[in-house]
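Engineer: For reference, the chains in residue letters:
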Amino acid sequence: MRKILLLLPVITMTIAFSTTAHVAERDPVKKAIEARHAVMTLRSWYAGPLFGMAKGDIEYDADWASALANSLKAELDTTDRGMWPDGSDYEAYPDFSGTLPEWWLDTDGAEEAEKTYASAVAQIAESAGGGLNALRSAVGGLGKSCKGCHDSYRAD
Amino acid sequence: MKVVPEGYAHEHVWGMPIRIWHWSLAFSVISGWLLGEFRTFSIMQWHLYAGYCTGGLLLVRVILGFAGPVRFSVLVSGPRAVIAYLGILFERRPSGSCGHSPMGGWATIAILLCLAWQFTTGLMSVDDGLFFEGPLAAWVSSDTNRMATRFHHYGAKAILVLFVMHVSIMLFYRIWKRENLVIAMITGKKLVKRNR
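The listed protein sequences correspond, in order, to chains A and B.
Heads up, the first sequence is in this note's numbering, so the first residue is 13 and it goes up one at a time.
Heads up, the second sequence is in this note's numbering, so the first residue is 72 and it goes up one at a time.
In case anyone wonders, no lab produced these hints; they're calculated from the structure.
The structure displayed is predicted, hence computed values, not measured ones.
Incorrect hints may have been included.
What the hints assert, rightly or not - Result set (DSS-like, lysine-lysine): computed pairs, CA atoms no more than 30 Å apart in a straight line:
id, chain 1, residue 1, chain 2, residue 2
1, A, 67, B, 260
2, A, 127, A, 43
3, A, 67, A, 42
4, A, 127, A, 67
5, A, 67, A, 156
6, A, 156, B, 248
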């Protein structure tokens with residue numbers, strides 16, 4: 013009985029420590045960064061086959077291309093400012109966040125980058141279903157906007 | 072025709088294959104660098120082709136370096152020879168070396184290593200803005216992709232530095248040391264010191 017009693021604090025502490033560890037993982041900033049990653053994963057999921065079709069790696073399919081491009085467009089309405097809290101940049105979370113502090117410092121540039129992306133997406137949503145050549149030229153613009161933003165605001 | 076300075080002779084130093092190799096490499100590296108630096112979706116495929124050409128030329132050079140007429144053992148000189156050459160580098164006369172000077176040999180090794188680095192990292196790199204990737208990118212982890220991509224970008228800067236040095240040194244030889252090494256790499260004939 014005494015041995016069991018001695019074990020009690022050990023068990024309590026183990027539970028307490030594991031709970032704290034769990035709470036630490038629930039860092040709200042990390043959650044926000046995770047949500048951003050999810051957005052990027054989704055964008056890349058939709059854009060991937062469009063780029064593949066434009067390159068000729070995947071056979072062009074007008075309906076699929078159109079659906080993918082429209083999904084990209086629909087995704088634009090789903091973002092939330094809360095995903096970009098202060099202190100969620102690459103310098104604060106070097107192993108987790110890829111967003112450079114410039115994203116927060118250069119607000120005009122960041123806004124411009126978002127606008128460029130939105131108009132590239134609008135362009136591809138309009139033309140993706142209209143034949144391979146139309147898709148190809150729209151993919152060029154989309155690639156330019158993705159790359160432009162990555163070059164300026166994403167850590168290597 | 073320029074007068075050959077006293078004590079020197081125009082000698083056939085670089086054979087046709089190595090000259091064709093040199094200018095092919097210059098073309099593939101310059102075009103590959105520009106296509107990469109100013110890449111867009113529509114030209115990105117050509118950056119990959121330029122990379123494959125560079126890789127192929129490097130492979131040829133490595134084979135020739137171990138088995139051919141342009142061996143690495145000839146290219147590499149000891150520290151004493153390099154220091155001795157540094158001592159006479161600023162004299163206003165051609166190096167007179169039969170081939171690369173002791174420093175030039177090491178510069179060649181540095182360029183080859185840098186290009187090999189660039190070729191290897193490029194194979195595993197990813198540009199997820201343009202949705203292009205090297206042919207081996209899918210075979211390694213995404214962490215490796217990111218690292219390779221970062222190293223590939225560093226490599227591009229290193230190549231630019233080496234390129235500027237290479238061209239500046241050619242100008243230094245042309246202006247200060249009165250030796251046109253560009254023509255020598257076209258014709259294969261170089262000023263070599265006699266009776267050495």
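Engineer: For each hint, tell me whether it holds in the structure or not.
Structural biologist: Results for each hint:
The hinted pair formed by residue 67/A and residue 260/B fails the criterion: a straight-line CA distance of about 46 Å is larger than 30 Å. For the proposed pair residue 127/A and residue 43/A, the alpha carbon gap of about 25 Å is at most 30 Å, so the pair holds. Of the supplied pair hints, the one linking residue 67/A and residue 42/A is violated, its CA atoms being roughly 36 Å apart against a limit of 30 Å. Proposed proximity of residue 127/A and residue 67/A is supported: the alpha carbons are some 25 Å apart, at most 30 Å.
Distance check on the hinted pair: residue 67/A and residue 156/A sit about 15 Å apart at the alpha-carbon level, within 30 Å; holds. With a C-alpha separation of about 46 Å, the suggested pair residue 156/A and residue 248/B falls outside the 30 Å cut-off, and the hint is violated.
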